[in-house]
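S.K.: Each chain is listed here by its residues.
There are 2 protein chains.
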Amino acid sequence: MIDRDSINYFTEDGSEGAVNARMGEDINPRLAEVMASLVKHLHAFAKDIDLKQTEWDYAIDFLTRTGHMCDENRQEFILLSDTLGFSMLVDAINHRRPSGATENTVLGPFHVADAPRYAMGQNISLDGVGESCFFSGRVIDQNGNPIEGATIDVWSDNANGYYDVQQPDIQPRFNNRGIFTTGPDGHYSFRGIRPVSYPIPHDGPVGEMLTALGRHPNRPAHMHFMVTAPGYEKIITHTFVDDDEWLTSDAVFGVKASLIAAVEQGKEGDTVWKSSFDFVMTDAVA
Amino acid sequence: MIDRDSINYFTEDGSEGAVNARMGEDINPRLAEVMASLVKHLHAFAKDIDLKQTEWDYAIDFLTRTGHMCDENRQEFILLSDTLGFSMLVDAINHRRPSGATENTVLGPFHVADAPRYAMGQNISLDGVGESCFFSGRVIDQNGNPIEGATIDVWSDNANGYYDVQQPDIQPRFNNRGIFTTGPDGHYSFRGIRPVSYPIPHDGPVGEMLTALGRHPNRPAHMHFMVTAPGYEKIITHTFVDDDEWLTSDAVFGVKASLIAAVEQGKEGDTVWKSSFDFVMTDAVA
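Read top to bottom, the protein sequences are chains B and E.
For what it's worth, the numbering used here labels the leading residue of the first sequence as 452, then goes sequentially.
For what it's worth, the numbering used here labels the leading residue of the second sequence as 452, then goes sequentially.
Pulled out of the complex, with its shape left as it was, chain B reads as follows:
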């Protein structure tokens, strides 16, 4: 016979303990730590708000529809994580840097690994659409010394607010993408377009959520940068155009004060915008 007194019965008050006590003793200790915390917070969430059965029904359906929205071209769970600030939080936890070092922000879904390599100063806007913008600056260490051989991988949407991979039949491949390598002076420069804001895909469950929450799906205009150099910690970040109307309310919470970069007119008669930003790298973690 079963010793009924030995049963750790599930109760509302003891729910977390009943679930976590089930974990085996020989499992991966990190998994045990993560799952115990997940169960603790999930259960506390339901208790704090007395989650209704109908709300649970809705959540199951929402998660299912979110899963069904995911395919090779669309990752609705990443959008969900992004719009709940969870992606930026994980990014922050994993990229704590000393003051003065360039801050990280989320990679986003539009990076492509094998963009063309260009010489400094070249133009990455292959469709010629949009207001021309000259990006420049330096890659330096925390003491201000130039870093030679740093790789700067940049990407942005086009003037209509779409990345090339979203419009493979319309935009030239690798439109508004390029990879540059610094020389001894650590300088970089290239010509692209003045970035424009765009909405994240919002025709799915995450878009419904944003609407219900009274939020918009827009990201302020930005240029993506991935900066790598031997011996230094990789920087994945954006620079944000300083006068964008969505700067105060980025749908994915990517804006940091230190990443706002002025986009200015050149001298009179020069139609090319200019944006300057220095990247300050930290030593790679051993």
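No lab work stands behind these hints: they were computed from the structure.
Owing to the predicted nature of the structure, the values given are computational and were not obtained by experimental measurement.
Any given hint could be a false lead.
No copy labels: a pair is met if it fits in one copy or bridges any two.
No more than 20 Å apart at the CA atoms, straight line, and that leaves these computed lysine to aspartate or glutamate pairs for DMTMM-like [claimed, not checked]:
(1) K503 to E719
(2) K503 to E467
(3) K498 to E554
(4) K503 to E684
(5) K498 to D636
(6) K725 to E523
(7) K725 to D565
(8) K498 to D508
(9) K503 to D694
(10) K491 to D734
(11) K503 to E554
(12) K685 to D508
(13) K498 to D734
(14) K685 to E506
(15) K498 to E523
(16) K718 to E696
(17) K685 to E715
Chain B is fixed; fit chain E onto it per the hints.
M.R.: Here is chain E on its own, set in the frame of chain B:
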């Protein structure tokens, strides 16, 4: 120009506030309450364990695969909720009852709305497989008075551990299902099979999770009951066979002490098992 000082920048410490401050003022107040708590606990989870970027990557993939596993015959997100004790917690929160009243437990995925109606005492085992078992008892109020006109909807797996809806080509339709209505004495009785334990579907992401956690997918043998009567709160529950090896470790945490029911041999020479259980209903909430 944008007033940069007005921006509620996202920071690791202030992440919850930055996200929740975005909600509009005119949204559904319950939605605002639920989402604020969800964001609070999600962010606290990531912070408590310093969630790694690679773990986030894994979680996105896990959720995506869970979503892709869901179709009209399989609900992997419900299995996930069940195995994390979340379904039972929501059930507990929504069905707090006074001592002595029959406790609720989860509906599960195998209820069918339109089972056949039978007279008391009839047999619901249509395939004739399994050890015969006679279920009986009373439907009463909290004062012990019989409830007339109560509807008792019952369902169980067959002797091989599968419900009819899982084996539409093998089992007769409505095998081990039936609906009974009490007379003035409140009594019910029917013949079925002695319930057998079975594993929840575990060939998907949830099964992987259970394995990684050192847990098994089994549910102890049980008979499902849904009891309704005009003026009383609906009871959705199971009775659990008292000597089942999985009684102490139900994969979905459905076992409650008050729901364990003896399954006993009748008098010598009688091969029919007997299980008796009384349902104590509470007044419907106005």
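S.K.: Each of the hints needs a verdict: does it hold here or not?
M.R.: Hints versus structure:
1. K503 to E719: neither (63 Å within a copy, 49 Å between copies)
2. K503 to E467: This pair counts as within: shortest intra-copy Cα distance 18 Å, inter-copy 23 Å.
3. K498 to E554: between (36 Å within a copy, 19 Å between copies)
4. K503 to E684: Close across copies (16 Å), not inside one copy (46 Å); limit 20 Å.
5. K498 to D636: neither (58 Å within a copy, 39 Å between copies)
6. K725 to E523: neither (36 Å within a copy, 55 Å between copies)
7. K725 to D565: So K725 and D565 fail the 20 Å test inside a copy (26 Å) and across (70 Å) alike.
8. K498 to D508: Result: close within a single copy only, 16 Å intra versus 28 Å inter.
9. K503 to D694: neither (43 Å within a copy, 33 Å between copies)
10. K491 to D734: Intra 36 Å, inter 33 Å, cutoff 20 Å: neither.
11. K503 to E554: Classified as between: cross-chain Cα gap 17 Å, same-chain 41 Å, threshold 20 Å.
12. K685 to D508: Cα proximity of K685 and D508: across copies only (18 Å, versus 42 Å in one copy).
13. K498 to D734: neither (44 Å within a copy, 24 Å between copies)
14. K685 to E506: Close across copies (19 Å), not inside one copy (42 Å); limit 20 Å.
15. K498 to E523: neither (37 Å within a copy, 30 Å between copies)
16. K718 to E696: Close neither inside one copy (25 Å) nor across copies (82 Å); limit 20 Å.
17. K685 to E715: Close neither inside one copy (28 Å) nor across copies (68 Å); limit 20 Å.
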